[in-house]
Amino acid sequence: MARYALGRVGQALIVIWLAYTVVFLSVQLLPSDPVTIFLSADAAPDPAVVAAMQAQYGYDQPLIVQYLGQLAGLFVGDFGYALSAGQTVVERIGGVIGSTLELAGWAFVFAVVLSFVLVSVASLVKVRWVRAVLEALPPLFSSVPVFWVGLIALQVLSFQLGVMSIFPDGSFLSLTVPVVLLGAYVSAPIAQVLFKAIEQTYAQPFVDVLRAKGASETRIFFAHILKNSVAPAFTVMAMAVGALLAGSVITETVFSRSGLGQIVLQGVTAQDIPLVQGLVLITATAFVVFNLIVDLLHPLLDPRVLKAHPAAAGRTR
Amino acid sequence: MALGIVEDVVAHQPGPTAGPAAGPHDANDLEPARARRRRRVDWALLLSGLPLLLILGFAFFPGVFTSQDPLNGIATQVMQGPSGEHWFGTDHLGRDVFARVVYGTSQTFLTAGLAVLVGLVVGSALGLASATLGRWVDPVIMRLIDVLLAIPSFLIALIIVTASEPGPISLGIGVGIGSIATFARLTRTEVMRIRALDYVEAAHLNGGNAWSVARRHVVPNAAGQILSLLVVDFGVAILAISSLGFLGFGAPPPTPEWGLIIAEGRQYLGAAWWMTTLPGLVIVLTVVLLGIFGRCVQKQLRF
Amino acid sequence: MSKIITRSPGSRQRGAFTVGLVAIALTLSACGNGAQAQNPTTGPESAAASGEPVEGGHLVFADVVPAPRWQTQSATDYRQANVLNSVLDRLTYYDAETETLVPWIATDWSPNDDLTEWTFTIREGVTFSDGTPLDAEAVARNLQVFGEGITDAQIQPNQDYKNFVSAEVTGDDQVTVTLSEPNANFVRATSSVTSGLVAPSVFELDNAGQNDIAQVIGSGPFTFESQVPDQEIVFTAREDYAWAPETAENQGAPYLDGFTLRYLPEVGHRAGSVSTGQADLVRGIQPVDEATLEAAGHSVYAAAGTDLSSNHMAVRFENEEVSDARVRQALQIGTNREAIKQTVLSDSYQLSGSILNHGAPGFVDLSEDFAYDPERAKELLDEAGWTVGSDGIREKDGQRLELTVSASSNSVVIKPVFDLMVQQWAELGVKLTSRAGDNTFFLQAQTDETVPLYGTRAFSYGGLGPLYGSGGTLTLADDPEFDELVDRANAEADEDARNEILAEQQDYIVNEQAHAIVLWDEVQVYGAHSGTHVEFTTGAAPIFQGAWKEGE
Chain R
1 MARYALGRVG QALIVIWLAY TVVFLSVQLL PSDPVTIFLS ADAAPDPAVV AAMQAQYGYD
61 QPLIVQYLGQ LAGLFVGDFG YALSAGQTVV ERIGGVIGST LELAGWAFVF AVVLSFVLVS
121 VASLVKVRWV RAVLEALPPL FSSVPVFWVG LIALQVLSFQ LGVMSIFPDG SFLSLTVPVV
181 LLGAYVSAPI AQVLFKAIEQ TYAQPFVDVL RAKGASETRI FFAHILKNSV APAFTVMAMA
241 VGALLAGSVI TETVFSRSGL GQIVLQGVTA QDIPLVQGLV LITATAFVVF NLIVDLLHPL
301 LDPRVLKAHP AAAGRTR
Chain P
1 MALGIVEDVV AHQPGPTAGP AAGPHDANDL EPARARRRRR VDWALLLSGL PLLLILGFAF
61 FPGVFTSQDP LNGIATQVMQ GPSGEHWFGT DHLGRDVFAR VVYGTSQTFL TAGLAVLVGL
121 VVGSALGLAS ATLGRWVDPV IMRLIDVLLA IPSFLIALII VTASEPGPIS LGIGVGIGSI
181 ATFARLTRTE VMRIRALDYV EAAHLNGGNA WSVARRHVVP NAAGQILSLL VVDFGVAILA
241 ISSLGFLGFG APPPTPEWGL IIAEGRQYLG AAWWMTTLPG LVIVLTVVLL GIFGRCVQKQ
301 LRF
Chain H
1 MSKIITRSPG SRQRGAFTVG LVAIALTLSA CGNGAQAQNP TTGPESAAAS GEPVEGGHLV
61 FADVVPAPRW QTQSATDYRQ ANVLNSVLDR LTYYDAETET LVPWIATDWS PNDDLTEWTF
121 TIREGVTFSD GTPLDAEAVA RNLQVFGEGI TDAQIQPNQD YKNFVSAEVT GDDQVTVTLS
181 EPNANFVRAT SSVTSGLVAP SVFELDNAGQ NDIAQVIGSG PFTFESQVPD QEIVFTARED
241 YAWAPETAEN QGAPYLDGFT LRYLPEVGHR AGSVSTGQAD LVRGIQPVDE ATLEAAGHSV
301 YAAAGTDLSS NHMAVRFENE EVSDARVRQA LQIGTNREAI KQTVLSDSYQ LSGSILNHGA
361 PGFVDLSEDF AYDPERAKEL LDEAGWTVGS DGIREKDGQR LELTVSASSN SVVIKPVFDL
421 MVQQWAELGV KLTSRAGDNT FFLQAQTDET VPLYGTRAFS YGGLGPLYGS GGTLTLADDP
481 EFDELVDRAN AEADEDARNE ILAEQQDYIV NEQAHAIVLW DEVQVYGAHS GTHVEFTTGA
541 APIFQGAWKE GE
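Chains as they are written, first to last, in our numbering: chain R, 1 to 317; chain P, 1 to 303; chain H, 1 to 552.
It is worth saying that the hints were derived from the structure and are not from the lab. Keep in mind that this is a model prediction, so the values were computed, not measured. Be careful, since some hints might not be right.
Derived pair list, reagent style DMTMM-like, types lysine to aspartate or glutamate, alpha-carbon separation capped at 20 Å [stated by the list, open to error]:
1. H:431 <-> H:395
2. R:126 <-> R:208
3. H:431 <-> H:320
4. H:378 <-> H:320
5. H:378 <-> H:481
6. P:299 <-> R:60
7. H:378 <-> H:368
8. H:431 <-> P:198
9. H:431 <-> P:69
10. H:396 <-> H:427
11. H:378 <-> H:402
12. P:299 <-> R:135
To give an idea of the interface, some chain P residues facing chain H are shown, with a C-beta separation under 8 Å as derived from the structure [as the list claims (entries may be wrong)]:
13. 78
14. 79
15. 92
16. 93
17. 125
18. 166
19. 167
20. 253
21. 266
22. 269
Take a look, some chain H residues computed to stay more than 10 Å from chain P by CB distance [unchecked claim]:
23. 56
24. 115
25. 141
26. 150
27. 258
28. 286
29. 289
30. 362
31. 373
32. 416
33. 492
The C-beta atom is built at its ideal place from N, Cα and C for all residues, glycine as well.
Work the whole structure out from these sequences, hints included.
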């Protein structure tokens, strides 16, 4: 087990490094460069100032030198300087990440709770049409553009009913509404996988045995079915990290919230390479860490995994 | 962007596979359940397929569905609400919004189609290689897939669209890269599952070479799952493209692309709700229908 | 419907939440009904409006998008200028009513005979918010930075300080600026927000420090208090402020206790924020919302941007398609400005008479010369050798007459206007692609001379030279003929004679060369919640020092 865990951690580090490298290379495709964009915002850039600035931030170096320099910087905690913001990358991202964590964190919690509630109610209620409606909800959630509902919700709640502030003022609704919209969107795949896993678990013979023993449906569901069905849902939850970020960008834009969303747009628009790199580092790490946790938990949740693939069980197997 | 596509995760669950078996409460009488399901599925297939066919018609024969001009507005008919003449109302330049949605369909479908194609071709090639080639290829490809998943697909799309001119091609490729991972993993899982089936192994033993076994057994059997993913992913791509349009990374006007229509109209949400709300509903409807249709296709083609 | 919001959100969380869920569920129907319900005709309320300014209160100002940088010379953009106008003082102030420069931190100024030396007398008793004096030394240091930039901190010279040689303290309260070439217009540059004076200690900071609003120390009526990045910045009034521009009605400290800067990037949210009182003042109200706001008793201010050029498309005339003056002239007279105003603008917008705005010094009305004449436009294009191809787009030597225009998304009307021009120019056989609102492309187009059309309006404190002359920011091409016109105007001490040369400049840019397709006078439309009183500079910036709110 320890060796398995160590191997997975090693793979995770390689994935982060590759992601970092791929983005470094693709950012080079962008048509301008950060210094020119930075300076042209003020006036016609003076070539001498451009050159001085490129030298100052190392943009005049060959690509490989820039890359290695950035990489080396990471090991001493230097994530570079975000020219477009006039701050270091750490300051820029650190200043707003709390806001994104608040939104994404609550949205994630809401998504998980919503999925489990939906699935539980659908499984326990014997009314056929209620089940059908509940089962139809997740696909609907994933089919609605978040920005579209968000804009309409703001228009109605803030301007027509006057119950919600248009500015993120820390009030209850100004956090709840974006959380609910983002959470519903993220809940879709979790709920869909849960529905499917539960269906498969119900089809197993042990359920009939339990029924024959006289166990109540509620007890069967919570004590046995759910327990045997959560493993795949955990996998999807870990995958949802990427979707949470993309969803946050949109949600933050719609609701004028500060956060990583602004940084993604600012970084790409101003072609601020260190900023984009810093961002990728965060998201890739989050993604990898979540998946690692799930992979390592997997054998505990579902003992069959280790039995089936003793060498290297996990998500990708 | 990979959100909403989950079949692969469940499909590779170890342990007893329930397969196509029925729902939770009628596990005992398999045959009638299957017959019943087939009938239900047909209805759903029909009910989702027919409107989709209609929307597909928009893309190929827009002139049949509207007589209005999607590009040139009538200055005297600016921002009129929905009416018999203008079903979705008119926009800030006096253009018929319904006509713009109809004429925008081909642009949207082309872009989303390209996105799905990129995901399908690259993804299934990787998946197939991963599942069939030697021992070291598999882990390498799987790590690459992890890398693709670890970089927010949204960011990739933004960079690609920014690096080239925004248009159907850059949008399609940018969004398509985001779905490579999903296709690759599904293909890999399916191929491995099918190859492990008894009769496929038997075909191997009976002297069929790898290629003929793949052609005769693996590809046709995996096609159902992949086809269904294709349909669902098409809807996901439409959403992704319209999200990019919302953020200002869409095709330049006046090309009436769905995302652009919504993005343009949102400015007038207070004064002319129809400009954004109704085209948005068309997107929701299309994506929902594609989802249902995709799941039906999957059930129909599963063996 | 008109009372709305501003109740404390915490007190009714539960109810609000339920309402919220219901509202989401009923969104569509609610939207349909609400559209009409939103403009109740309460009638204009004028009773309280005439009263004396009320002391106290905090104003919420919503601008369009956050500004990334706050260094003085970066304030070439409304986002910065609108705020720095209330944080930094300048040497001079351009008074809209008298159309003259009036004293502010400089009590007096005069040039030498050949217009190469300008001497300013500095007001006494002015202090920066950190307590240090704003004296001749400090002014000289500021002017030096404007003229030379700070290479170590990557700060470029201010483009309006061309030919700057030195700024020296020449008396107890006197500073003299020396220029290498005569410039009769130089003093105008000192009235620009990009000439805002900061404490000399600020210049010791690195680039990041100088751009950080929390570290910007000025002598203005408001000072930085706190911020949430990308979300809001709070400013507090300076109680000891007593050096407003000579013509300002309020000569003392601001009436307001402070103001908060917030952002409303979504155009569709702006009018609603004003009418619900969530913001007291909002920039960028779009034409369709103006009447609605006014009908509901709120104010719509059209703040004329006299300090800027008119809104126009600058033509990068070195591009093959637009290298022939006849093509550019065809585009000038082939644009139906009246139709643009009718369809997508409002009465707040005045159509262009020149590259300068109607109220600008030296403006001449040339609108007769470029009146809409599509037939003549087509003839000009024919004469230039561009013939109509099979699909209606003109061609010449196998090249199609296809043009792309770039513009930022921060103007509410530029995108709809360009969308309409796409239709208008199509009738001439010109394919216009509008990429207005694509900010990435806009940033690129600022320095990429191959983008043939650049939609903009630019501050022109330094005259038209820095915009349209060689090395200028708009056409990105050399133009010695225009440079000569600029030099002549700069060397002319007599105002009437100078205005004649200015008229020549305008005729050159608009008619003779058509380097700018002019559209409408620069104006920023603000919405103010009823009871909020604000006036604006000629740079279209709100003057918070004189703003006040009626008591509840």
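Compare the structure with the hints numbered earlier in the document and write down the numbers of the violated ones, lowest to highest.
5, 6, 8, 17, 19, 28, 29, 32
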